[in-house]
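Residue numbers (the working numbering), protein chains in the order written: chain A, 788 to 1017; chain B, 549 to 888.
The hints are simulated quantities; they were obtained by calculation from the structure and are not laboratory data. Where a beta carbon is used, it is the ideal one built from N, C-alpha and C, also for glycine.
From chain B, some residues computed to sit far from chain A (all C-beta separations above 10 Å):
no.	residue
1	V663
2	Y676
3	F833
4	D888
Covered stretches of chain B (in silico footprint by chain A; criterion: 3 or more residues with CB under 8 Å from a CB of chain A, positions within the stretch not fixed):
no.	segment
5	584–597
6	842–855
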Amino acid sequence: MDGAPETPRSGQPPSDASPASAKSAASAVARPASEQPLDTPVPERLGEWRPAEDVIQVVRSPQPGATRGTWRAFRETARGLRTVFGQILRGPTTVQYPEEKVPVFPRFRGRHKLHRFEDIPHNGAQAGLEKCVGCSLCAAACPADCIRVVAAENTPENRVSAGERYAAVYEINLAQCIFCGYCEAACPFDAITMGHDYELSDYDREDLIFTKEMLLAEAIERTPLRNEDE
Amino acid sequence: MLLATVDYAEDWWIQVIKAIIIFAIALQLVPIVLIAERKLLGRMQNRYGPNRVGPFGMLQPLADILKLLTKEQFRPTTSVGVLFALAPVISILTACAAFAIIPFGDTQNIFGTEVGLYGIDVSIGPLYLFACGAIAFYGIMLGGWSSGSKYSFLGSMRGAAQLISYEVSQGLALVGVIVTAQTLSLTQIVHAQTGMWFFIPQFVGFLIFLVAGFAETNRAPFDLTEADAELVGGYNTEYGGGRFASYYFAEYLNVLVVAGVVATIFLGGWLLPFGIHPPGWVDPFVVLAKMAIVTFLFIWARATLPRLRYDQLMSFGWKVLLPLATLNALVTAIVVVATD
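Chain B with its partners taken away, still in its complex shape (with noise of 0.2 Å):
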């Protein structure tokens, strides 16, 4: 039995190449999200941000990670030992697979080789996302677990949870689109948003999926997995130097999967509107201005509000969001077999 087809495959080496580049962007991208939000919620707040840190503090990424690399790799003796190096392992490679599915142009001409300019097109691209989403979970429940403190298992107790309730709401949310589009594959479901984007006529499914991809990544308001006050860090409490940086970093590189995946299933991905057809190399740059749109969606809800209490998040989840998303599917549904 077939379970997924790769809609698009080059030869191997391109693929590798691919791999490299798309990595090495994403890499750069993390430091950029970081400066951008730590700017963005000090102007926000009405300050100037880090300032200090080259021109403009741009280079203050640089000097956290180099200091946080530089610390001391400390670990609890009531942890345990392999999970707990393995877990920031565990989540910041499930954020870097699932940057793979992320279509940043349609398949162009290099040099007289047929290019996707994405890690591969899968024919069951969301559910490649929730599987990552999914085992990134594990991640955080390994690391708050492993740690041996109170803290850090509260925060992972509260990330399974989370996950859970958001997931859910999360793929319905989805739903609506991939029966408009008929497909499941991300570059499908881009050509499928030729004549209108998705968020218009998908305006509820937009935002469900946005509030659960807070939730998803564990942010403000959603960020009780973490929060800092009442248990100092939550499941990165015990966590230190290199492996806090991994967790940090996965962090943020799931707010820009997140992002990607918005701008591509909702935002129309490389398309841009009036019917403008720019050659194949502005692609990927559309993309990231609509990724970057969208973390500016995330820092802005950070700024904004505050975290929910533990109660409010379950009814949130269960007695809002997901009714409002079934309620989405079921009107979709509904539409697209009636002007069928």
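So that you can see chain A by itself, here it is in the shape it has in the complex (with noise of 0.2 Å):
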């Protein structure tokens, strides 16, 4: 007849039943006295682990009455009431994004942007030339794909680029493309670079592939530049 109250402590050794057991189990840290130390060697308190006995024992705090549980939810609620309103007078945060835009940084990678020569010659060429020698290294680079080069040659008729070939297609399917820049960094003469347009939806995806010719006019730039400070 073990009619003593039960500890919630679970696999206790029956001889530990005792009133010296309860008294622990009122402290809440339920270790016997006979436990050894925690300062024992790891291995040895190992080698004498006996499953129950790390059983985690939750401490309580003490839970307030039912006045105080009351007055404490009361004050919780008008704490929260008071943030709420705080939030009023913070005002709004929202970008009204079709008039307002938030800035891009410098090298944001947006739409790319196809390059000729400007009035700088280099390496020879005249100014006006495309940039673009039509190699397909971006298109090699492209993990998506996205990016397709027809190269013909350059004939003293008709020079396009100023190397060897030129791209007689160019183009670029914004729809598949990742925006990751890995073809800004492919190419060799820098003739196609990322530039900062980011509002490209459109009705058909037949319109999203870009042309040689859409890629090399002008940028309308629709996005406002981020200043040094900001």
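Quick one: dock chain against chain with the hints and give me the complex.
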């Protein structure tokens, strides 16, 4: 007949169910005095490991009574209400997108641009020639396989680029592009760079295939650039 | 046996005109509450809220309601036809009926005729209100049950349990006021607050009534009946179009009714503090301003508090609100008898 109040510990040796253990349960840190101290070397303790002795005992702080609990709930509710009211005074943080735009960083990777040589001739080339020589390194580097380059020979009558060949067809399918910037990194002539335009939605998938003329054309800067101090 | 009397009754034609005017005002207030709620919720969450339709987005409720009313009236095959159509009507009817007893002012002399600025001044004011509130739950329960959907059914079951749990405390919260004012007529209760508004001596009752009002109108944090996250809308899951609009409308009208009752019973109705006595035509605006304050409390609580779990709702209603309300009524009664 063990009518003594059962302690919350399970797996306790029955010899230990004594008033002493009840006392230790009251103090909620249940470690019988016969237990080895914690500074015993680990292998020894592991060797003596018995299941159900490492049951984690939850030590709860005293719960507030009905009155204090009600008061605490009321107080915390009031605190929450105050916090929410404070947010009204803080004002909205919304960016009204089509009207206001978040400025982009200078190295933001948006829609691509193809470049021509400007007034400074480079490598004996003349101004106005395309930088792209149709080498297809960008297409090779592209992980999304969205660049298509068809190269053609430059002739003295029809000189398009500064190199031997030029890109007769240069298409980027922006519906496939992942804007990783590898094409920019792969290009040996800096002919292709990433621009700042990210507003690229359209009604047809075909319209998202940008041709060489579109990529060479002067881009409309629709997105504000972030200043240095921003 | 006389059960109830009407304290002040005008000619029948005045009553018809009054009914039309009050109904029109109530209809105008609902979209205002709608847009105010969405705007305020937005501000409380650091965003703008609707601001595209009309100036400052003020026509958003109009667009919403127009959209709902032009939608197809869909009825699930498992539903019970008559009740499915009737339930939103019950909801909106009781909400409108409850609006009738809110006094917007004292009896005024308009063009030589004495007119009370309220729908009707019954001698059983709060009881009428609770009767309307109890019938309003038939709208929710029948709607949920007749939809033939488990979500709707669960929502309406919760609604029924919630009604029982909170109407008791709501009624008991008013006992303190009634004992102090020694009348059940709402206009007489307002007159009894000439010296001091009841929300000061009856602050606990005020809080209990407000919290029970949140539950009564199925608003957050007691919107278990709707519980969008788990019951996909609760009792109105299967409703769409005009019927859903009716439920929506009834919900906001109920908010206004509770706001009006709180303003009348605890915030001194049309009275102004510091002994200011404006001319009679100001009274309705005073009441409307006080209703706006209480409505703001509704929106504020909705923006702050998360939805209660079902057992929390029950234990809060029975273990906290009911003992508090009983204690409040008891203490008030003792104080009233002792100081009499």
